[in-house]
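Engineer: Two independent chains are provided; combine them into the complex using the hints.
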Amino acid sequence: MELFSFLNLDTFITDPLTHDFMRKALLMSSLVAAVCGFLSSYLTLKGWALMGDAVSHSVMPGVVVAYALGLPFSLGAFIFGVGSVALIGFIKQKSRVKEDTVIGLVFTGFFALGIVLVSKIKSNIDLHSILFGSPLGISLSDVKQTIFISLLVVILLSIFRKDLMLYCFDPRHAKTVGINVFFLHYLLLTCLSLAAVVGLQSVGIILVVAMLITPGATAYLLTDKFDNMTVISVLSAIISSLIGIYVSFWLDLETGGSIVLAQTFIFLFAFLFAPRYGIFKLQKLFAGYK
Amino acid sequence: METINYQNFRIEAENICVDYNGKVALYDANLRLKPGQICGLVGMNGAGKTTFFNALTGFVNISKGKIRINGESLRSAQKDQTIAYVPQNEGIDSQFPISVWDVVMMGRYGSMNIFRCPRESDVQAVKDAIERVDLTDHLSTPIGNLSGGQRKRTFLARAIAQRASILLLDEPFSGVDIRTEKLISELFIQFKKEGKTILLSTHDMIHVREFCDLVLLINKTVVAYGETSEVFTPENITTTFGGISPDFLFGPES
Chain A
1 MELFSFLNLD TFITDPLTHD FMRKALLMSS LVAAVCGFLS SYLTLKGWAL MGDAVSHSVM
61 PGVVVAYALG LPFSLGAFIF GVGSVALIGF IKQKSRVKED TVIGLVFTGF FALGIVLVSK
121 IKSNIDLHSI LFGSPLGISL SDVKQTIFIS LLVVILLSIF RKDLMLYCFD PRHAKTVGIN
181 VFFLHYLLLT CLSLAAVVGL QSVGIILVVA MLITPGATAY LLTDKFDNMT VISVLSAIIS
241 SLIGIYVSFW LDLETGGSIV LAQTFIFLFA FLFAPRYGIF KLQKLFAGYK
Chain B
1 METINYQNFR IEAENICVDY NGKVALYDAN LRLKPGQICG LVGMNGAGKT TFFNALTGFV
61 NISKGKIRIN GESLRSAQKD QTIAYVPQNE GIDSQFPISV WDVVMMGRYG SMNIFRCPRE
121 SDVQAVKDAI ERVDLTDHLS TPIGNLSGGQ RKRTFLARAI AQRASILLLD EPFSGVDIRT
181 EKLISELFIQ FKKEGKTILL STHDMIHVRE FCDLVLLINK TVVAYGETSE VFTPENITTT
241 FGGISPDFLF GPES
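These protein sequences, in sequence, are chains A and B.
First residue of the first sequence? That's 1 in the working numbering, and the numbers climb one at a time after it.
First residue of the second sequence? That's 1 in the working numbering, and the numbers climb one at a time after it.
The shape of chain B in the complex, shown without the other chains (with noise of 0.2 Å):
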């Protein structure tokens, strides 16, 4: 088991830019994250949530900046498996047919032989994965045939059975049930515990309350970024949500 210094940054983004063919996705954005540490990544739809994701895995380029993981370059993270991604529900094609236990074991894809043969270490893994998820009842179920929430846990899954140190969640908690919401936040708990990074998305404000140390208020660029307690602010919000207060998009605080 390798030792965590917590001192040391798991996440480092210095200036990253991402633009699609000319158009600005995101500008000047920096994130430093380290082990141990939850931070919640809010912004409008189009804020650039998902271009953010995609430059810190490495599916965009990023036309400017630095992204350093455990100190090193993604490339060298991503060869280490360092990096998870769970996608939203709506991200992934449910119709594919492919069952849980195979989309849990493409978490071991990175580093099995080139023909992804599963060693005995890869089935404990996915074993073990699925069972912290709480699908063991439901492993050859093709995904289509998955609730919301249990499709999520699947993919949830497929990052434990990754023994990624850096997991990126795209809107965690959307559409899912509160069986799951539940098992989802004591995994949290669990990651935590455990000195892995989280950075996840979500539109619901409670949430971040309720289980981000730190936050991220992007619209383009970083708009505020801190601790939850100091940085989520009634002020820092309407900023980040184009001048709209927040007591008109979560109700006024009781």
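Bound-form chain A, shown alone (with noise of 0.2 Å):
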């Protein structure tokens, strides 16, 4: 009986509450997520998926660097992840090879980097914590970091909020009409950027880019309006979170890996029986019946 006792609802939510590093977990864990299900919605609008997976992992060689030389390891990061991203601009623009071959070949150039640099190294850098996320082991210097940026984010974000979606939408009339396009280019990169530093405590480097992605493309399966597709998507991106932590809790399992498991579900949700977009279409169904 003792091995189900997660069975019951009220030991299954409060007993991992009594440990600091499991409430900590949670609280971080949520705002990670709702930073990144913010700019979710318009990355995947933008088609920027590929993007997000360039950037958040080319930070790798960044984190390494940083740690080695022991500043904060966001610093790192967003160097390695804004400088991917020029490079890929530079090369796309001087060469006839096609842009997604080129973010490939750069992102991955720029993680192998990372992994070189991390048995050269030789420091206390622990690679799995890297790579797959610790967010049950996060210290409080990682805290207040994570903190800092997620503020800065979602600060930026809001200001630009509307400019951002216009830029998404049609970029060519944002220009006409006087919009720094160049900038808000370079905004939403920032962000992107910035996110991945503080995703990858999560769920780490490898799987980042689904904290990226996954909760807007759930959204655009539920709704046709912008602002609600923002709300949803970090609503569903701090659910599968706590869903996942909780449950790597209880049957001891990879957290990273769990949450970003409780995203795909989510979607894979959405997509049988969103309303309008599932493939069932509930909002026929029950048309039927009326």
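Please keep in mind that the hints were generated in silico from the structure rather than gathered at the bench.
Here a beta-carbon is modelled for each residue, glycine too, at the ideal position from N, C-alpha and C.
Do not rely on the hints blindly, as some may be mistaken.
Heads up, simulated DSBU-like pairs for lysine-lysine below, C-alpha to C-alpha not over 30 Å straight-line [claimed, not checked]:
id, chain 1, residue 1, chain 2, residue 2
1, A, K94, B, K64
2, A, K225, B, K127
3, A, K92, B, K220
4, B, K64, A, K225
5, A, K92, B, K127
6, B, K193, A, K98
7, A, K94, B, K23
8, A, K162, B, K23
9, B, K66, B, K34
Which bits of chain B does chain A cover? Going by a derived footprint, with three or more residues having C-beta under 8 Å, they are [as the list claims (entries may be wrong)]:
id, stretch
10, 54–65
11, 82–90
12, 190–202
Structural biologist: The following block contains the structure:
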């Protein structure tokens, strides 16, 4: 009976909360999920899923170098994240190689550099926690950094919410009416790098792209209004984080993987049962009974 | 209301060139348009029509030449909301989660504060514009649920709400229903009266004869430019379309 004690809903919810590291993990992961979920609406509509993957992998050497030099890891990650995008743009412009190929080869190159650096520097860097995340082992300085970066991204996205929507929808119109498209492009990239930095603590470098695209894709299936899409995206991201952490606690599973898997299940649910865009089109089903 | 001097040029493009990473898309192109003029932009696919529009909106930089709008720089024309661009239906993501109202409101963004909070006047401008294109019943309809013609009218309403004096329209008549076509041609007559300058690209030669005072035939550069009655000849059209006779393109003239 002991084994299945978590089946009691009360115990399931409250037991983990008695642990300090679990409270911290739940709070931090929800915050990170909210930030990534917010950004996710823009990335899915702009078609930047591959870009998200590229930036999140490219931050790897930055994290390693920053750890080695004793700098805040977010700084190193940010520099390499933005650097990879600049390099992608440069190679694309100066060669005949297609964009998706350039993206693929640049981010894998950066990622490989990160792995080589880890083996060379031989500090106390925990490769596993970088690759797969460690929301349960988050340190106090990491908490401060995460809160600071998250607030920064949320403030930037809130201020330029409508401009970014216009930029994703019709950049030519934005340019025609004198809105600085160049600025918006780099603003979105900056937010992407920063979100990747905080996201990798929760689910690690390899899976952080899921945090950046899955909630947005789920929300896209559920609504035709941009504002609703953002709200649904943020909520589904937070709920997935909570579910993932609880399930991983009780079943002793990898936390990052559990969070992303929870997101994937929510997406599949929307894919099947979304009122208008799901494959079973519940709306039509109910309409038939009227 | 600003007074319109019909003698000054609205658009002056002088010897403009555009290249994408060394590939020339348009060279030595000239265009001069006055208020109240409607000009048709005719050419094959890939002849540089969209590039011409991109240059005039500032969406791509010209590598050579000069563009003056109302005698001033393109930059100040952008700030003054002088130019509106109405995209082709294929040029926009019709699945974007956005309503008719929100699209038309985007026409006001350039003159709003940084948070893009609509003022009373913006709301009124959007309402009026939507009424003029007869979409008042579809204010909150997502653009994905509109017909091709309704979507075209939505973007036309955005240009109206912007109160631009120059309208650039990419294939305004392609993929629209008869009702929309009639409404757009009525709007053109009104725009002309209001002294707006219109540059439109089209594949339909009948539309050129019907609406356009002037015609600009291009094939990477200007093949011919002038009054429609003088320039829109079978010979010029044949040159523009790379030697294919207009009979083949539009059927023999009856």
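Engineer: Hint by hint, note whether the structure agrees.
Structural biologist: A quick look at each hint next to the structure:
no.	hint	result
1	A:K94 <-> B:K64	21 Å, holds
2	A:K225 <-> B:K127	19 Å, holds
3	A:K92 <-> B:K220	25 Å, holds
4	B:K64 <-> A:K225	42 Å, violated
5	A:K92 <-> B:K127	43 Å, violated
6	B:K193 <-> A:K98	48 Å, violated
7	A:K94 <-> B:K23	12 Å, holds
8	A:K162 <-> B:K23	35 Å, violated
9	B:K66 <-> B:K34	17 Å, holds
10	54–65	holds (count 4)
11	82–90	holds (count 4)
12	190–202	violated (count 0)
Of the numbered hints listed earlier, those contradicted by the structure are 4, 5, 6, 8, 12.
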